[in-house]
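Quick mapping for you: the protein sequence lines, in order, are chains H and S.
Letter by letter, the first sequence follows residues 0 to 325 of numbering that gives the first Met the number 0.
Letter by letter, the second sequence follows residues 0 to 293 of numbering that gives the first Met the number 0.
Keep in mind that the hints were calculated from the coordinates and are not lab data.
A hint or two may mislead.
To be verified - Which chain S residues face chain H? A few, computed with CB under 10 Å, are given here: (1) G50; (2) R54; (3) H92; (4) P94; (5) V159; (6) I246; (7) G247; (8) G250.
What the hints assert, rightly or not - Covered stretches of chain H, going by a simulated chain S footprint (3 or more residues, C-beta under 8 Å): (9) 104–114; (10) 164–172.
None of these values were measured; they are calculated from a predicted model.
From the three backbone atoms N, C-alpha and C, an ideal C-beta is built for every residue, glycine too.
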Amino acid sequence: MSVTVRTVQPAGAPAPSVDMRARLGDLLLPNPVLTASGCAAAGRELGQFFDVADLGAVVTKSVMLEARAGRATPRMAETASGMLNSIGLQGPGIEAFLDHDLPWLHEQGARAVVSVAGSSVEEYAELARRLRGAPGLVALEVNISCPNVADRGLVFARDAGAAAAVVGAVRRHTAPSVPVLAKLSPDVTDIVEIARACVDAGADGLSMINTLLGMALDLDTMRPVLAGITGGLSGRAVKPVAVRCIWQVHAALPHVPILGMGGVASGRDALELILAGADAVSVGTAIFSDPSAPVRVLAELTRLLADRGFASLADAVGHAHRQEPQ
Amino acid sequence: MSEGPLQVPGQLLSSRRVGAYHHLTLVAPGIAERTKPGHFVALATGGPDTGMSLRRAFSVYKVNTRGVYGGTVEVVLAVHGQGTAWLAHQPPHTPVDVVGPLGRPFALPREGTGRPVSATLVGGGYGSAPLFGLAEALRSRGCRVDFVLGAGDSARLFGVLDAKRMASTVAVTTDDGSAGTRGRVTDALPQVMAAAGTDVVYACGPMAMLRAVTAVAAVRGVVAQCAVEESMACGIGVCMTCVLPVIGDDGLTRMVRSCVEGPVFPGDRVRWEDVGTVPVGTVGAPGTAASGGH
């Protein structure tokens, strides 16, 4: 398929008409901009700055079975064009989440992609069971970047077998109409191998990328900045890694839906991930510096697609892989 | 008055050196009207092409709803790193995105309850900044206001003249004795409280000072309302980095966000000695297994 390049629209032109609907498997979203898990809590705080129903969906902070206090502080270190975090999955637990957080999103008319995290396959399965039929839930995102207690703390996402076991368990306990997305870590030797294992285990789509494991030292104390010693690197610094991962997985598994994230702070960043193969994008760390970043990214992306002559978002997905006719 | 924070494309109106600090005035339409003493604002830093990903949070020093250029917000900052250095050295009219007002402000004594309330305000370094708006609000309710201001040295004191204009008494301490009495704010505080018949203490400054002020106030059966200075990534409650252990009404300790549940806490609720840790028994504290993940 080829796309004719049309003239660039003049500045100040009326709002472009591009079909911005985004598809993640069976899930059709009104637009392709979501929040990234862990960067928007459960949407309520961002609701002070924009209508959360205006987003494609809100991806909530990973919820676990029990309430969790998280790690000691400092939990954050700013780095060049990014930041490290070591929160330790602080959260209220699934019961409070189902009582307070998900109903609020549903009342706003927002679509909720609920991120789940556990330390065993059984915990993930139980979370999926508890979420079954919850109003407002449109998809599950499985955060597999957690240590597997049964396997000496080896992170699920770094082992194809462990990743597949978790994804398969969540898939089996989730309503068939609700897509299950596996959130992949870039800290692996071959991300395509993990992606394929998750898809074979029943993942309806893939979210990528989670943070990269990093570390920073304080030159005055000459000790690690973070109380947790290591942390997840996010922000603009990681965007090229996200583009690479999305490119590789889309090339290998072109029919598998991808929710792309990693350093998206502008419409240009979002477009880059989409051209690499993302069907939709999540805005994460950018929210910390600009609470209205998700709606800004959506407006910018719409304009950029129109400027490039795309009639629909779907036409742009994976466009960078296509050979233009000579 | 409307509630909740706004995000506005603001502009630097002036930047002035005050001792070791910088006093910035920003045009930020709409924010001044909503701001109460103890609120803070989060400023974007570094300009449009910056490699700095996070905002910098500052207590509001003053607001003016009727400025020539629209509502203004004033903050005081110390240069600690790249972000604060950028903010301190921009020329007037530099665009600065402002989010605010954020956090929970100081709780004011109820009006019209018998004799006037005596409030003692304790500031460490430029931590005193939010106390002057508070002093005005207290005075307008007929409260007695006394100040204790302390710092490492005279250049790091902030607002002594403001305080003298507003307060019944002002005690000044410096670690090196370069201004006022040599020593800490907590050396002066018992005497000030005794003379003023203090009913409530308000404090803002470093954690160690807040802990010590809370203890001194408690000796006289007084609760100190403390505004904490935790490092924050977002300031709006989504990042979970600015947490500290706080005891709730149910007696349980939770890791609480200082940006939305604070920055003002009753001093007797904060587990000062455990700040920086997740104390044993905290709701959801990690067991021996199952800690990890970002």
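Find the hints from earlier in the document that the structure breaks and name them by number, from lowest to highest.
Hints 3, 4, 5, 6, 7, 8, 9, 10 contradicted; others consistent.
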